[in-house]
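First to last, the protein sequences are chains L and W.
Residue 1265 is where the first sequence starts when you use the working numbering, and the numbers rise one by one after that.
Residue 64 is where the second sequence starts when you use the working numbering, and the numbers rise one by one after that.
It should be emphasised that the hints constitute simulated quantities derived from the structure, not laboratory data.
Every value quoted in this text rests on a predicted model; they were computed, and no experiment measured them.
Just so you know, even glycine gets a beta-carbon here, dropped at the ideal spot from N, CA and C.
Don't take each hint at face value.
As the list claims (entries may be wrong) - Footprint (simulated), chain W over chain L, 3 or more residues, beta carbon under 8 Å:
#	region
1	1454-1460
2	1492-1504
3	1557-1570
Unchecked claim - Taking CB as the label site, the calculated pair distances span:
#	chain 1	residue 1	chain 2	residue 2	range
4	W	R140	L	A1760	43 to 49 Å
5	L	D1732	W	I67	18 to 24 Å
6	L	G1656	W	R140	34 to 40 Å
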Amino acid sequence: MKLSPDQKLDIREVLKDLALYRPRRKGWIWRQPITDHQVGPFILKDTSKNLKNSVPLPAAHAFENMDPQCAVVVTTEIASGRFEDDLRRMRMVAWHGADHIMVIRTTGQSHIDGLIEGTPEGVGGIPVTRKQIRATRKALDAIEEEVGRPINFHSYVSGRAGPEMAVLFVEEGVNGAHQDPQYNILYRDINMHRSFVDAAEAKRILADGAILQLDGAHNANATAKEAWKVTPELFVQHAINSAFSRAVGMKKSYIALSTVPPTAPPAPKMRLDLTYAVALREIFEGYTFRAQQNTRYMETDTMETTVTHVLDTLISRLTPTNIQSTITPDEGRNIPWHYNNVAGVNTARQTFMGLDGLDDLLTLREEGKWREEARNLKERAVLFLEEILKGGGYYAAVAAGQFVDSGFFPERKGDGIVRLPDKGDDADTVIPRASDYGAPVCSHFGDNIYTSENGKACEAYGGCTLCDPSKIRYIDEIDSEDNVETRLSKPLADLAAGKLSPEVEKHADGVVCVTIFVPDNPEIAEAAAIEMAKHMGLTHLEVISRRVMHPAEGSVFEIKGVLQVEINKHELSLTVPEQPLADKEIEAWVRPRRLHIVAATVGEDEHSVGLHEILDIKHGGIEKYGFLCHDLGTSVTIERLLDAAMEYQACAILISTIVTHAHVHEQHMERLQKLATQRRVRDRLVLLAGGTQVTDELARTCGMDGGFGRGTTGRDVASFLVRTLRQKEVK
Amino acid sequence: MNGIERPDDFESRRAHLRKLADSELHAYFWELAEKIVDPLIDEARTHTTPSIERAVLLRMGFSSFEAKALVDQMRGRGLLGHGAGHLVLNLATARNLSVRAAGEALLDGHHWEVLST
Chain L
1265 MKLSPDQKLD IREVLKDLAL YRPRRKGWIW RQPITDHQVG PFILKDTSKN LKNSVPLPAA
1325 HAFENMDPQC AVVVTTEIAS GRFEDDLRRM RMVAWHGADH IMVIRTTGQS HIDGLIEGTP
1385 EGVGGIPVTR KQIRATRKAL DAIEEEVGRP INFHSYVSGR AGPEMAVLFV EEGVNGAHQD
1445 PQYNILYRDI NMHRSFVDAA EAKRILADGA ILQLDGAHNA NATAKEAWKV TPELFVQHAI
1505 NSAFSRAVGM KKSYIALSTV PPTAPPAPKM RLDLTYAVAL REIFEGYTFR AQQNTRYMET
1565 DTMETTVTHV LDTLISRLTP TNIQSTITPD EGRNIPWHYN NVAGVNTARQ TFMGLDGLDD
1625 LLTLREEGKW REEARNLKER AVLFLEEILK GGGYYAAVAA GQFVDSGFFP ERKGDGIVRL
1685 PDKGDDADTV IPRASDYGAP VCSHFGDNIY TSENGKACEA YGGCTLCDPS KIRYIDEIDS
1745 EDNVETRLSK PLADLAAGKL SPEVEKHADG VVCVTIFVPD NPEIAEAAAI EMAKHMGLTH
1805 LEVISRRVMH PAEGSVFEIK GVLQVEINKH ELSLTVPEQP LADKEIEAWV RPRRLHIVAA
1865 TVGEDEHSVG LHEILDIKHG GIEKYGFLCH DLGTSVTIER LLDAAMEYQA CAILISTIVT
1925 HAHVHEQHME RLQKLATQRR VRDRLVLLAG GTQVTDELAR TCGMDGGFGR GTTGRDVASF
1985 LVRTLRQKEV K
Chain W
64 MNGIERPDDF ESRRAHLRKL ADSELHAYFW ELAEKIVDPL IDEARTHTTP SIERAVLLRM
124 GFSSFEAKAL VDQMRGRGLL GHGAGHLVLN LATARNLSVR AAGEALLDGH HWEVLST
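Based on the provided sequences and hints, a complete structural model is requested.
Dropping the structure here:
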């Protein structure tokens, strides 16, 4: 399957022959760091290979459209409920620099005792099934080819079917997985014995499959009452999962700590969070670090969230971090919208690019109060471990409510999460292995009669699925209604008919978001804003953000709603504007030619701002390319302009007519054309007119070579001049 | 039922840790963590669960539905402690069947008496 940048992802093609599809590679893959890398006009320090296809940051056009890629892996989490819609989102984020795509599971999947099959729709995520991951992996294989960088695909090995999920992931080429039995126990209330026994098998399978494991400690940040006080416990949660994983046979480098800077401004974030981040990395030297952005203190203002996430990313940059996970800026107000996945990825990308080479500039101080505080955190963590052992071990500690207590350990508030060893889902399902216990398969953990010194455990029957993938049993669909084929009928029909609707999450969901400021007190303003949104024709209204500008002067609201509209794209009339030439190309052509330009604001018009913007180097005007500009000022007559053009042997005349009445701007243009012809210089001159009332079409009707209206930049004008003059030279 | 309440008595509790160098503190941290994990690992080594056994059968070439049906029945008959894969492979060997054929026969309700002996 091959993608073309100008063609939409063909879901039909993704679904075709899935029963036979095998992943192209297995295991986690890192970016290859490049230092002293020439990208655009700069030599960068902390980069990796450029992408083949990407969307650069908006400001990139000023820097030769450079799109440097940072050295760390960038993650985004995707969860719409329909994997076929998620695939398009994955392609978009890959073009913006994400190479670790985490697929959230549907609500409740961790409580299902076994695997799910087919392609049922999910809520807040997708049911992770063999068909869905195989289709996703196939699409990602094509997307990574398109962008020119491997993409890590990730999901969850938790709940009541951890070992089976792990087998599935290795078989289907999933590259990363969350696996942490503590998460099952604390947040899913699955029996603790079951969780750890399952975890050992799951981790063994992940380890052999070279899948990168993430732990679940970040959930304590997200759930703790005061997230900065749970930090000593976080060391402990990381340590229990890490030590357990290593005992099962996982390499340190494949064990990633999922860590979050716990606070957000106005809290003194850098002081608290950086101290914690450094202390953690010192104790866990040699492990991998997946830095997550803060979710605990996310409100509904996406700008506020973004600033917090920039600071989170700065902390990542100041400490060893291997993976930067991103959180969408809208997660505090709705299930993430696809363009907000892109926004989240760009927050990390933009921050890392801006911080390139930071190590040359600064290092963290070796002494000071912050170092003492880092040490204190470590000691508090050690005291936490001591108390677990003193109380009879891990299970007893959970039963005693030692975890997720809101006290700053050893302080205890008595409000921790309590789970009992003989309670929770599947409490009676842990079975002792008999003396003849056997499991004739690879990647099995623990006592097993088939573990032989030489040869494989599975050789008695010719190999297990990990050795011979042709033995994998693929199940297609089990539900004749709830499946991707049924869901695709409308999207495919719309595509064929050329119908387009607004969308933020799923095909044609119709969701739009409007920003409305209303100048009154918050209550009145909100009620009025909702009425205004109704007037726009929106239904299913919901105010998703409210910010008070002043208690009496007004508030601003973001309101989401559904716009029931279908536009037929075949009925649209499109004028495709010509792309301006690149700055470098313009300058290379202009500067050696020493081209003179005469310009003026004509008529009785004292408004010369527009012309300045086009001419002045300070405003990004055409001077910067080497045009020699002679601005005659305002209220200049056409005669004087032509005189000056002759005097300077100018190649072009620019007139600006900003404020006009009674078609006087048209008369000026016509007069310029007429006089230039009378003086027999029309052929030598490019005549251009600009102004708020001017359009290219109008200017040409009045005899000009071109016209420029609102929003014109110096580059547009320079580009037009070069193209026109180049053509004249050829003639 | 919740845990204990206690004020922040860090300063008095930390006395025995203060003299440790950072590297010693780190080593002590890991020593404690490994001690906590040891019994958990022992339990995992010597126990199994329905999910583990289903994961074994998946690797032996059974579908998720087949694996679930087989493990549920083996558990119901008190056989799971021998290992689901071991039971199927034993049957295959005893009756000269392929592993898949042995599993399919069990799913059809045959040969269970062989497993029980």
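Do the hints match the structure? See the list:
1. Here's how the region 1454-1460 of chain L fares: 3 of its residues keep a CB closer than 8 Å to some CB of chain W, so the rule of at least three is met and the hint holds.
2. Under a criterion of three residues with beta carbons nearer than 8 Å to beta carbons of chain W, the stated coverage of the region 1492-1504 of chain L is upheld, 4 such residues being counted.
3. Evaluation of the coverage hint for the region 1557-1570 of chain L: breached, as 0 residues show C-beta separations to chain W shorter than 8 Å, against a requirement of three.
4. Between W:R140 and L:A1760 the beta carbon distance is about 55 Å. The supplied range of 43 to 49 Å is therefore violated.
5. Our hint of 18 to 24 Å for L:D1732 and W:I67 is violated, since their Cβ atoms are close to 54 Å apart.
6. Restraint check, L:G1656 to W:R140: a C-beta distance of roughly 35 Å satisfies the suggested window 34 to 40 Å.
Of the numbered hints stated above, those contradicted by the structure are hints 3, 4, 5, listed in ascending order.
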